[in-house]
Amino acid sequence: MTTGPASTEDQLREVLDKLASGVQAAPDAYRRVQGEWRRRERKRRITLIVLLVLLFAFADIVGLLALNQYRSRQHTVFNDPVPSRSHSPAAPPRSAGLSSLPTPWGGVPL
Amino acid sequence: MTGIRPNPPLQTLVDSVEASSQAAEEPPAPVPPGADREAALTRLFERHYTGLLRLAVLLGADDGEDIVAEAFCQLHRRWNRLHTVDAALPYLRSVVCNLARMRLRHLQVIRRHPVWSADLERSAESVALLHDDQQALIDALRQLSARQREALVLRYWLGLRESEIAAAMSISCGAVKAHTSRGMAALTKIMQERR
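Chains as they are written, first to last, in the working numbering: chain A, 2 to 111; chain B, -8 to 186.
Isolated chain A, as found in the complex:
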């Protein structure tokens, strides 16, 4: 009687084959598994749709709140009450101040 690794391998192969041959699939296995993966796929899609709807609803709410806050404020684009006058003052009329302005040569202007 051999008890070496080769004998054990052969015995193991034979035992595993015998055990495996005793396992049979249920007749309705395919219908059950197909129903399961279809149910999960439906659940995934519904979850994705709900998440997208929630995202858009959240974005809409945020936008509406922002618009609602800015409605009562004073508009700054077309409601400027005082025109800006940041330019330098215009040159005085020649006739009015020429006599008092100093000249580079220190004399009286002509």
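No wet-lab data here; the hints were simulated from the structure.
It is possible that part of the hints are untrue.
[Unchecked claim] Within a straight-line C-alpha distance of at most 35 Å, the following computed DSBU-like cross-link-like pairs (lysine-lysine) qualify:
| id | chain 1 | residue 1 | chain 2 | residue 2 |
| --- | --- | --- | --- | --- |
| 1 | B | Lys168 | B | Lys180 |
| 2 | A | Lys19 | B | Lys168 |
| 3 | A | Lys19 | B | Lys180 |
All of these numbers come straight from a predicted model, not from anything done at the bench.
Given chain A's structure and the hints, the job is docking chain B onto it.
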């Protein structure tokens, strides 16, 4: 372990011959998109469901049908990530191995002692042709770790190559060799002590 590949079961031989002939004649088929996914999954189910169920039971899972169903559901969900249709079966094998191992760990934590599949017990009883040596071999197989049992079942029942076993168990080829040789050494030792 030797590099000689053991004789695989008939169904595995047919599958491997078909796969090798397809690989030799034409490039790997791309993954059918969308609507063809159901048809491809149906073909996979018809061809490999029973084999995967037997694999789960031989790995010691007590709910082999649930494990294989979960594997097909995960394949359905991740179908678009497959590179080719030929990658589906190794993926299913890998998921079944992982789920069976997780199930065994879960049951061991719950019951605080190693468990063995009730389906396997029923299977062994239904066969009712096991000799004393074979029954002792089953008992010895129960005493191995989950990894060693996986490596032995994938090698001696499915007849997979080391690279295929490594892919199914998500480990390296060296680890496959180590698990296989240690598991077989443990089985041989138990059987020799029994005699």
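Legend entry - Unmet hints by their number, sorted upward, for this structure: none
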